[in-house]
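Chemist: First to last, the sequence lines map onto chains E and Y. Residue 157 in our numbering sits at position 157 of the first sequence; the count goes up by one each step and never skips. Residue 163 in our numbering sits at position 163 of the second sequence; the count goes up by one each step and never skips.
These are calculated hints, taken from the structure and not from any lab test. It cannot be assumed that every hint is accurate.
[Claimed, not checked] Some residues of chain E that are not near chain Y, with every Cβ distance over 10 Å (derived):
{"hint": "1", "residue": "7"}
{"hint": "2", "residue": "47"}
{"hint": "3", "residue": "48"}
{"hint": "4", "residue": "154"}
{"hint": "5", "residue": "156"}
{"hint": "6", "residue": "157"}
{"hint": "7", "residue": "168"}
{"hint": "8", "residue": "169"}
{"hint": "9", "residue": "187"}
{"hint": "10", "residue": "252"}
{"hint": "11", "residue": "257"}
{"hint": "12", "residue": "285"}
[Unchecked claim] Between beta-carbon pairs, the in silico distance windows are:
{"hint": "13", "chain 1": "E", "residue 1": "222", "chain 2": "Y", "residue 2": "620", "range": "35 to 41 Å"}
{"hint": "14", "chain 1": "Y", "residue 1": "263", "chain 2": "E", "residue 2": "283", "range": "29 to 35 Å"}
{"hint": "15", "chain 1": "E", "residue 1": "169", "chain 2": "Y", "residue 2": "590", "range": "25 to 31 Å"}
Predicted model, so just to flag it, every value in this text is computed and none were measured. Even for Gly, the Cβ is constructed at its ideal location relative to N, Cα and C.
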Amino acid sequence: MNSAIRRSMYMIGATTLVLLLGFSSTQPAATLDPGQPNSYLEQGELLLAQAEGREETRRARQILAMGAVLAHRTGQDDIAASCCIALVDGQDDPALISQAWDLALMLDPSRLAAWAQQRNMAHATDSSALGAECLRLARNAEVGDASALYQRATVRQAIRDAALRLGLPVQDVTRVIDGLLTTTGRDECRGRVFSTQVHDGESVRVLCDDHTHPIATTGDVESLRMLLAIELECLESSTGLEDWASAWSMHQQRPFEAPSIEQLIELYQIDPARPYLVNGQWSSTR
Amino acid sequence: MSQSKSNQTPVVRFLGQDAGRGGPFALLGLPHTISSDAVINRAVQQRLRQIDCHPHRGTPDASEVRLAIHSAASQLRDPSLREHLMRRWPEGTPIDMPKAWATRKATQKLTPSLMRRARMIVGSSGGWNSTARRRLAHLARMNRLGALEIIKALGGQRGTSARQPGHDRGGTLPQLPLGPSGGGGWLGAYAILGLLGCSLIVTVLLRPGHEAVPASPGATAMTEPDLGTTTKNTGIPSTVDRDRLTHYTAIAHELDRLVARASTEPQAAMERFGTVYALFVDEWTAFPLDALQRATVNIAEFIVRLEAAGVETQRLTPLLAAAGTEPDREMIVAGVIDVTLASPQLSTETRASLRMLRERISSSETIPRQQVRPSIIAIARHLALQHEDDDPEWWASWLQAVNHASGTEQHERDSLLIEALSARLQDQDNPDAQWLQVASSLVRALGWQSGSDERYWLLAQFGDAQVSTARLAMLTEALVSSSAAEGVDARMVLARDANISQRQQLEDAYEGAWFPAQTATGAGEGQGESDLANQLRIAVTRFDTRVDDERALHEALGLTAISTAAVLYLQGNTQHSQELLQNPPTLKSTDAVDIGSQLRNDADDRAWAEKVANCNSAAELRPYLDTLLSSDSIGINSAHALVHLAVREPELELRELAIAQLTRLNDQISVLLAIDHALTDQRVSSRLDDLVTSVLSTTLPNRSDPAWFITARRLLLVRMSDSLGRSQQPQFNQLEHEIASLMAMRLHSLGFDADPDLQGPEALLGTLNQLRRMTLQTQGARYDRMEGALGEIDAQAIVMRARAESTLQQYLTELVYEMQLRRTEIDAVFPGTTGVLENLARDYNTRMDGADSILQQIAHTQHAIAQLLMIELERGGST
């Protein structure tokens, strides 16, 4: 009898535990209502706070992004702005942080004070600065030091990101850098432009002949311009370009746009025509 | 007359005395004996046609009479009710009965002597023939009788006499003629007409027609392409138009009733809706716009009520589907769905289902709207831009729908027609006679009057490389032969194989014909405004939706100059405005400097570098520097040599000489690269610090500060960019300076000092925008109307300013802000501009979406500002 009671108690306890676990992994599908964008804000915030992995984080951000889009389309821009701000939580990409805050301000101008305080447009990280230095060293024939930096994945990523922001083809950038870092191995001047030779007992400085193009250049103007533009972008120095000609020559000619709610659709890969989350999949019906 | 005109009832006023005698028979002009419902329907059509021919057909009284006609017809269709009505109400007089046959009130008795004379007339005429009829009609007129009474009496006497055997008086007497619809020769005449009518109907029916509209509520949405063509003929005579016009009231009436029935008997209402909706889709262009809106709202309400009554979504959605690929059908069906989607009571599921249906019906954007007309217009625009062939029937249907939907909005209609023509002109396929036909119909629909948009638009087509020459040639042919355009003749038709030069010549010919040159001398203020408006309009119209950077560079300046002239004029500075119009700034062509020569391994450069690098004293160096004095450039190796001396050599004077040369040439890319090469993030020597600060003419952090290196790097990168830019893109700096000068001109006009050499255009425009923004807040009630929109604009500007990295981006930010401020002001200050502003905004968004560079964005934004200034000029004053 006692064992039976014990067994029943175990069963009840296990069942209760399972139920509790079921509740704790909150199923948002039943509570997401496109007619109530606030439901997306609440659920998204909750899930983002509880998220433990990339997938859960991604799903939580999708819910928030969906809420922003649905709220904007029904004229509830204050909720849309709140969803955008909620997207910032846990975000470490400065570009995405600033985009979210910018969107929030444009949707709801009353967020100005918070925007001014929280927004941070900084792209420059240690990796960005190292990326710029890597390119400078490569141009100046300091192959060893440049190669050492270029081998770091974060440095390569920083260079790639800068190239993408400028709209430059990454493969062309890579080709130029690889060309600069590939040498015959001889460099008598060790990157110092002049080497010393002895003629008739006298030391004479001569230009080093071990380079295919003058040191500090890249061999052609276009690739030089490209690398300088990436260095500028890595160091966030574009704001120092005062002339329009300078900006244009440094590949600052890409279209300049205000952030829009439609960017969230593309960024978070959501479809407003499928606002329901059913069994982990977005659907057009409950 | 029994009644004076003022006392006449509406029925009598519209339909005549006979119709006003009372009862449904008189109202419809029908006898008591009605053989079929078709007779009733025909009578209804005839009466409705009578009303449409009346001058007051659009009045509420006319609508009341129409409703009465329909109501009478409904009553007579019920056989049992008709029996009852026959006992109560008199017969009606057929509508098409000749007046001579009509019964007169003042009818004298048919005396026996009169009847004898009538019989003798028939007998002496040789029987019942045309002579007898003519003589009897004369007899009736002489005796103030109706001929019908005499003939009735003759026929009745025949019947009476037949009871007296053997007493046959007068042979065969005619049956009472049935009027124009029957009897004797009339029958022959009508038989011929009937044959003609049948052959016409057969001809129409044999042409491919559209599918039958599904009447049942379960009909599926349109999923397959329909090979039918429109059944609408824009060339059909006005009688058919009158038929269609008269029919809309019945459809509208039915839709009204269906809304009420949706809640009480949804199933029956859905069945009936299928038929009525099909008719509505067929006949919507017969609806006046207000009736169309009402009908659409009723349809939406019908759907909502059905849903509230428990009808499932999968049965609701197909109700609004209608087969057919004709553009007018697509416009109305999609428009109806847009209005239905705007109903707040609709469930999410139904809304989603309707959206899917909408997407299958039309690829245009689904935007829920309260009004159907803007939806139809938007869909029409989308169709015109997407349609890729020259099917004349398709375009005729499209044109008819556009003509109807645009109503009195001529500008809107013209804009659609122009967009359609633009799209078709850019089709590079070889055109054929079909394109000529389409072009003729579209060209005929435009007015081509002086000052009209289409004139400016046509000029722009000649210079647009994307416009097909062959198509443009046929368009000019249509213009000359089919349009009402003045000043054009057979010489102004483009050859189909014309080259660019010939197109330009013809453009000049059109410009000369339509925009004769104004004389500068003696021009009064009105003339000045006319010139300005003219030039502004040409500049705006000529600017294509897609441009490359080369074109954008010149247009950005041109549009800024003409806009500045307009702004100065609106500020009252007429003189400067005129001067600017007559002497606009232009970009001088400047060759890019070949900086590659500085960066190559040049033998002279290497030789000079090696000599200089081995100098040990200032005295040794001076002769080499003398050779450099005559040159403004220096090779990379020579720059490396001077930098080497400046950093490595122990002699101070030598170093200072080297630094002085490097400072003199501090804008050269070679010098900057050489200094950049010398930088190090390790211990920075004082010599290196001296070199960098001297050459860059700047202050750096202390050389022991880790920030020294990164600061120097950034400065050098900026200088290198400047050097490359000046050398390779000199026109950009020209553009920047010219625009800054124009901004400064505007500030001077307002009483502010501004120096374009010290401040860039973004800073100057920023100041102008600040002033404008501050001025808005002093506008009282107008500001209240603008406040909400201004808050959003300000927020966007704040964001854009924070995001802008280069001065180009900063300038674009200020330009967009100016555009948005102007747009908001115009909307608040000038009534009736909302529609125009929406069109401009749409055009602007299209242009910006297609822009490949920030320069193109600047040009398009300036174009939008120029368009807004045109509105201000046309409305007669500054905001």
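Chemist: Now tell me if each hint is right for this structure.
Modeler: Checked hints:
no. : hint                       : verdict
1   : 7                          : holds, 47 Å
2   : 47                         : holds, 22 Å
3   : 48                         : holds, 24 Å
4   : 154                        : holds, 18 Å
5   : 156                        : holds, 20 Å
6   : 157                        : holds, 20 Å
7   : 168                        : holds, 14 Å
8   : 169                        : holds, 15 Å
9   : 187                        : holds, 14 Å
10  : 252                        : violated, 4 Å
11  : 257                        : violated, 8 Å
12  : 285                        : violated, 7 Å
13  : E:222 to Y:620: 35 to 41 Å : holds, 38 Å
14  : Y:263 to E:283: 29 to 35 Å : holds, 32 Å
15  : E:169 to Y:590: 25 to 31 Å : holds, 29 Å
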